[in-house]
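Peer 1: Listed below, chain by chain, are the residues.
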Amino acid sequence: KAGVTQTPRYLIKTRGQQVTLSCSPISGHRSVSWYQQTPGQGLQFLFEYFSETQRNKGNFPGRFSGRQFSNSRSEMNVSTLELGDSALYLCASSPAGPGANVLTFGAGSRLTVL
Amino acid sequence: AQSVTQPDIHITVSEGASLELRCNYSYGATPYLFWYVQSPGQGLQLLLKYFSGDTLVQGIKGFEAEFKRSQSSFNLRKPSVHWSDAAEYFCAVGTYNNNDMRFGAGTRLTVKP
Chain A
10 KAGVTQTPRY LIKTRGQQVT LSCSPISGHR SVSWYQQTPG QGLQFLFEYF SETQRNKGNF
70 PGRFSGRQFS NSRSEMNVST LELGDSALYL CASSPAGPGA NVLTFGAGSR LTVL
Chain B
11 AQSVTQPDIH ITVSEGASLE LRCNYSYGAT PYLFWYVQSP GQGLQLLLKY FSGDTLVQGI
71 KGFEAEFKRS QSSFNLRKPS VHWSDAAEYF CAVGTYNNND MRFGAGTRLT VKP
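Same order as they appear, the protein sequences are chains A and B.
Sequential numbering of the first sequence, starting at 10, is according to our numbering.
Sequential numbering of the second sequence, starting at 11, is according to our numbering.
These are calculated hints, taken from the structure and not from any lab test.
Since this is a predicted model, take the numbers as computed values, not measurements.
Ideal Cβ positions, reconstructed from N, Cα and C, are used throughout, including at glycine.
A few of these clues could be false.
Label pairs and their computed distance ranges (CB to CB) [claimed, not checked]:
| no. | chain 1 | residue 1 | chain 2 | residue 2 | range |
| --- | --- | --- | --- | --- | --- |
| 1 | B | Thr65 | A | Gly25 | 49 to 55 Å |
| 2 | A | Phe78 | B | Thr65 | 39 to 45 Å |
| 3 | A | Thr16 | B | Ile70 | 23 to 29 Å |
| 4 | A | Leu92 | B | Ile70 | 36 to 42 Å |
| 5 | A | Thr47 | B | Lys71 | 39 to 45 Å |
| 6 | A | Gln26 | B | Lys78 | 34 to 40 Å |
| 7 | A | Gly49 | B | Gln55 | 37 to 43 Å |
Covered stretches of chain A, as calculated for chain B (at least 3 residues, CB under 8 Å) [as the list claims (entries may be wrong)]:
| no. | segment |
| --- | --- |
| 8 | 94-105 |
| 9 | 110-116 |
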């Protein structure tokens, strides 16, 4: 069974640009969650999507947005990039029902903002 | 609101020695507790989880953890550490059907030969 796939793995952007990151969950998983990981703040929850609807949202500004498609694939977008957005962005998928809390993480997309 | 504290930022142990990584949580109801491991440049891999039942849970790679409600702790243990266990370890707490999990700051494990 293929794991959670995130693309791109690495990217460099400049301040003011926008970026879109993609996540393909494990087949059959309907929930996709996004986390930001930085040395200073650690792992922070961004949002969770389930059946194309945002189910939960963390405490991030509106520049951070996401969506989920009918095949459960998800994208997150960060607009007007700031230096502080440099981070490892992790996507995780989980099944619906029993085991819903058991997250399987992808390898992450490392974003550098210059 | 739930929170997690991992008191040790960095731990060094010799290969073959035992290991215990500490985790304290704060949560009003029954917590869902997890330990994840992250190798450099990689995502997080689930080691074990506790939802209910037996307070001693077994995980992958020979790890185990014990839930102690009275101490609000969920410490991770391994009887004999291997060099390949060098990584960063994260404790996390969540609630049922909510993937807004709170992670500890992590404990970096170094294994001496």
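Peer 1: State, for the Cβ atoms of leucine 92 of chain A and isoleucine 70 of chain B, whether the hinted interval 36 to 42 Å holds or is violated.
Peer 2: For leucine 92 of chain A and isoleucine 70 of chain B the Cβ distance comes to about 38 Å; the hint holds.
Peer 1: Residue count check for the segment 94-105 of chain A against chain B: does it reach three with CB-CB under 8 Å?
Peer 2: holds (count 3)
Peer 1: With respect to the beta-carbon atoms only, verify the hint that threonine 47 of chain A and lysine 71 of chain B lie 39 to 45 Å apart.
Peer 2: 27 Å, violated
Peer 1: With respect to the beta-carbon atoms only, verify the hint that phenylalanine 78 of chain A and threonine 65 of chain B lie 39 to 45 Å apart.
Peer 2: Because 41 Å falls inside the window, the suggested range holds.
Peer 1: Is it true that glutamine 26 of chain A and lysine 78 of chain B lie within 34 to 40 Å of each other by Cβ?
Peer 2: 48 Å, violated
Peer 1: Are 3 or more residues of the segment 110-116 of chain A near chain B, judged by a Cβ distance of less than 8 Å?
Peer 2: Our answer is that it holds, as 7 residues pass the Cβ test (under 8 Å) against chain B, meeting three.
Peer 1: Mind checking the hinted window 49 to 55 Å against the Cβ distance between threonine 65 of chain B and glycine 25 of chain A?
Peer 2: 51 Å, holds
Peer 1: Given the range 37 to 43 Å, decide if the beta-carbon distance of glycine 49 of chain A to glutamine 55 of chain B lies inside it.
Peer 2: Given a distance of about 23 Å, which is not inside 37 to 43 Å, the answer is violated.
Peer 1: Using the Cβ atoms, figure out if threonine 16 of chain A sits within 23 to 29 Å of isoleucine 70 of chain B.
Peer 2: At roughly 27 Å between Cβ atoms, isoleucine 70 of chain B and threonine 16 of chain A fall inside 23 to 29 Å, so the hint holds.
The structure is inconsistent with the numbered hints 5, 6, 7, although it conforms to all the rest.
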